[in-house]
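Asks: Each chain is listed here by its residues.
Protein chains: 2
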Amino acid sequence: GVKPGLPPVLAGSHLDTQPTGGRFDGVYGVLTGLEVIRTLNDHNIQTQHSVEAVCWTNEEGSRFAPAMVASGVFAGVYELDYGLARADGDGRTMGEELQRIGYAGNEDMGRPLHAYFEAHIEQGPILVEEGIGIGVVTDAQGQRWYELELTGTESHAGPTPMDRRQDALLGAARVISLVNEIGLAYAPVACATVGMIESHPNSRNVIPGRVFLTIDIRHPEDAVLSQMDQDIRDGVEEISARNNLTGKLEQIFYYAPVPFDRSCVDAVQASADQCGYSSREIVAGAGHDACFIAQAAPTSMVFIPCVDGISHNETENIKPEWSTAGANVMLNAILDKAGTV
Amino acid sequence: GVKPGLPPVLAGSHLDTQPTGGRFDGVYGVLTGLEVIRTLNDHNIQTQHSVEAVCWTNEEGSRFAPAMVASGVFAGVYELDYGLARADGDGRTMGEELQRIGYAGNEDMGRPLHAYFEAHIEQGPILVEEGIGIGVVTDAQGQRWYELELTGTESHAGPTPMDRRQDALLGAARVISLVNEIGLAYAPVACATVGMIESHPNSRNVIPGRVFLTIDIRHPEDAVLSQMDQDIRDGVEEISARNNLTGKLEQIFYYAPVPFDRSCVDAVQASADQCGYSSREIVAGAGHDACFIAQAAPTSMVFIPCVDGISHNETENIKPEWSTAGANVMLNAILDKAGTV
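These protein sequences, in sequence, are chains A and B. All residue numbers in the first sequence are consecutive under our numbering, ending with 372. All residue numbers in the second sequence are consecutive under our numbering, ending with 372.
Source of the hints: derived by calculation from the structure; they are not laboratory data. Among the hints, erroneous ones may be present.
A pair counts as met if it fits within one copy or between any two copies, since identical chains are not told apart.
[Said to hold, decoys possible] Cut-off 25 Å, straight-line C-alpha distance, at most; resulting in silico cross-link-like pairs (SDA-like, lysine to any residue):
hint: 1; residue 1: 350; residue 2: 185
hint: 2; residue 1: 34; residue 2: 348
hint: 3; residue 1: 279; residue 2: 262
hint: 4; residue 1: 34; residue 2: 124
hint: 5; residue 1: 350; residue 2: 253
hint: 6; residue 1: 350; residue 2: 192
hint: 7; residue 1: 350; residue 2: 128
hint: 8; residue 1: 34; residue 2: 48
hint: 9; residue 1: 350; residue 2: 269
hint: 10; residue 1: 279; residue 2: 260
hint: 11; residue 1: 350; residue 2: 312
hint: 12; residue 1: 350; residue 2: 133
hint: 13; residue 1: 350; residue 2: 195
Modelling step: build the complete structure from the supplied sequences, incorporating the hints.
Replies: Next up, the structure:
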């Protein structure tokens with residue numbers, strides 16, 4: 032940056048992954064940030080604002096829960112002490128481990144940024160199925176997670192007549208269908224999923240007396256997410272009453288929707304157009320460092336397709352031309368924000 | 032019996048129980064058989080056919096699987112060698128253990144019986160809820176057990192749009208509802224239960240890619256059981272297709288319905304009427320020694336209520352007056368068949 036007083040444009044992502052994760056989730060974004068800077072240097076391009084690359088520590092939360100700790104601390108979502116005190120399964124903290132490997136820096140948390148861009152594989156099937164090269168990410172979905180316990184009466188599958196049953200698994204089945212209907216009702220961007228179920232006593236010839244399940248709902252608009260929340264509460268109450276069950280529903284996690292900065296989104300869109308790539312607006316369904324940084328600085332993301340929409344899996348893959356396209360879009364969007372000399 | 036050449040009337044049940052079973056399931060029937068004989072002796076009542084009491088070994092199958100081994104061997108359902116070779120968790124066989132405790136007799140298997148009666152607690156809620164003293168058992172339900180594996184595609188609960196999902200748990204929910212509808216369609220005597228479910232990978236934010244579940248259907252008429260079977264096969268096929276899943280349905284167990292002998296059923300009904308007890312016809316929902324003996328001799332059962340319909344539970348309980356009523360009904364039914372002098 033020729034004007035050192037101006038806040039920088041930051042680009043990057045994370046290098047950590049899931050236990051059975053792949054080679055591109057996160058890594059692609061870090062390398063793209065570096066590649067943009069190398070390209071600027073190779074061509075001796077001067078910018079008004081500095082351009083910096085970043086690798087956020089512990090985005091996945093696989094070793095140190097929760098997820099996106101470093102970007103969260105930078106954005107002021109988490110306290111620094113909280114972040115450093117996160118411990119792994121062996122009791123070692125993130126702070127100690129950063130010291131041990133020499134990665135503990137003295138960067139100011141929350142210093143001003145002019146803009147933040149993050150390139151990432153989509154981790155979903157939309158771009159690859161539609162044959163589109165670039166996802167212009169407008170929003171990150173808000174999320175609410177719930178735990179539900181349905182309690183009925185455990186009894187013998189033979190001598191207990193159908194009309195006298197308090198079958199907790201039947202109630203759970205109706206909740207699973209309800210959650211799906213709610214997701215479909217607010218489609219295409221809404222998601223609603225029951226991912227986990229445990230039934231007790233889980234025996235072939237015993238009517239289940241108790242079922243635990245989880246619900247995950249997502250939408251980019253908080254008002255819609257609240258409406259989905261109400262639909263779930265009403266539905267669970269109705270299903271519990273109709274099936275003669277006790278239902279205990281608890282929201283255990285809330286993650287607000289993130290609308291990305293319009294000028295940053297526009298910069299990404301203009302860059303894709305300029306490069307001649309096919310593109311579409313898209314909503315980020317998963318959490319990303321950009322979702323936290325967006326709370327502290329103008330932010331957007333660039334999605335590229337991934338093969339079969341598969342991620343968090345060793346088979347995760349991309350094509351070289353997709354990688355190139357994403358990096359070119361990042362280059363122009365960053366130049367747009369950083370300003371050339 | 033004053034005519035030793037005539038085959039005997041047999042009465043009894045079993046003494047073994049479940050790991051957390053109660054004091055009446057089985058025990059009540061053995062004691063009732065003994066009490067009837069004592070009463071006949073106390074009053075010096077002579078019968079044409081001998082009256083004998085029996086305690087069948089290993090009805091529950093808790094120590095030596097499968098269930099109802101001794102009555103099954105007696106009725107010719109199982110070979111004697113098969114029964115004796117059943118092994119417990121420590122590898123000890125039923126034959127060795129019967130020798131060790133001195134219970135290995137030399138009774139002829141399958142010798143002719145004039146009739147068999149078994150008194151038993153209902154193990155269900157019908158009699159106690161309706162305030163009826165005696166259940167006149169007309170049939171034992173047939174059973175078919177299935178295992179179903181539904182396979183879809185495991186994917187991220189965030190970036191995977193609702194209309195692109197292959198959610199195995201959603202398919203399972205629809206199967207659970209279907210099984211319930213089939214049970215209700217053939218009510219009041221039909222039962223249809225999903226007792227066990229396992230979902231993979233069972234993570235809050237992953238769409239389940241594979242679900243295993245069990246189905247248990249019961250009905251006293253084989254033709255109806257076959258129709259229920261067809262309904263399940265058609266429904267699972269339709270649900271699999273509609274939800275874009277692969278469904279693998281396998282019947283793992285078939286237990287034919289048992290219609291009890293009409294003259295024995297009539298003897299029980301006449302006895303209950305003669306004693307002035309309230310009664311109703313009822314279908315046995317669980318397996319009993321009587322179900323196997325019915326394949327070799329005229330058979331029926333006498334049910335008495337149990338508190339709250341609860342069985343296979345340490346809290347299992349009955350009231351003294353229920354016990355007395357059942358024994359009186361057994362006495363008259365046995366006298367009817369054995370013939371007085």
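Asks: With identical chains treated as interchangeable, where does the CA-CA distance between residue 350 and residue 185 reach 25 Å or less: within a copy, between copies, both, or neither?
Replies: Result: close only across copies, 22 Å inter versus 53 Å intra.
Asks: First find the shortest C-alpha distance between residue 350 and residue 269 inside one copy, then the shortest across copies, and answer within, between, both or neither for a cut-off of 25 Å.
Replies: neither (49 Å within a copy, 38 Å between copies)
Asks: Between the shortest in-copy and the shortest cross-copy C-alpha distance, which are at most 25 Å for residue 279 and residue 260: within, between, both, or neither?
Replies: within (15 Å within a copy, 35 Å between copies)
Asks: Checking an output row: residue 350 and residue 312, CA cutoff 25 Å. Within, between, both or neither?
Replies: within (21 Å within a copy, 71 Å between copies)
Asks: When no copy is named, should residue 34 and residue 48 be tagged within, between, both, or neither for a Cα gap of at most 25 Å?
Replies: Intra 36 Å, inter 86 Å, cutoff 25 Å: neither.
Asks: Evaluate residue 350 and residue 133 at a C-alpha cut-off of 25 Å and name the case that applies: within, between, both or neither.
Replies: Intra 34 Å, inter 76 Å, cutoff 25 Å: neither.
Asks: Quick one: residue 279 to residue 262, C-alpha cut-off 25 Å, is that within a copy, between copies, both, or neither?
Replies: within (15 Å within a copy, 34 Å between copies)
Asks: Within a copy, between copies, both or neither: where do residue 350 and residue 195 come within 25 Å Cα-Cα?
Replies: between (58 Å within a copy, 22 Å between copies)
Asks: Give the relationship of residue 350 and residue 192 under a CA distance limit of 25 Å: within one copy only, between copies only, both, or neither.
Replies: between (58 Å within a copy, 23 Å between copies)
Asks: What label fits residue 34 with residue 124 when the C-alpha limit is 25 Å: within, between, both, or neither?
Replies: neither (38 Å within a copy, 89 Å between copies)
Asks: Reference check for the pair residue 34 and residue 348, CA-CA at most 25 Å: within, between, both, or neither?
Replies: For residue 34 and residue 348, the Cα distance exceeds 25 Å both inside one copy (39 Å) and across copies (87 Å).
Asks: Reference check for the pair residue 350 and residue 128, CA-CA at most 25 Å: within, between, both, or neither?
Replies: neither (35 Å within a copy, 68 Å between copies)
Of the hints listed earlier, those the structure fails to meet are numbers 2, 4, 5, 7, 8, 9 and 12, in rising order.
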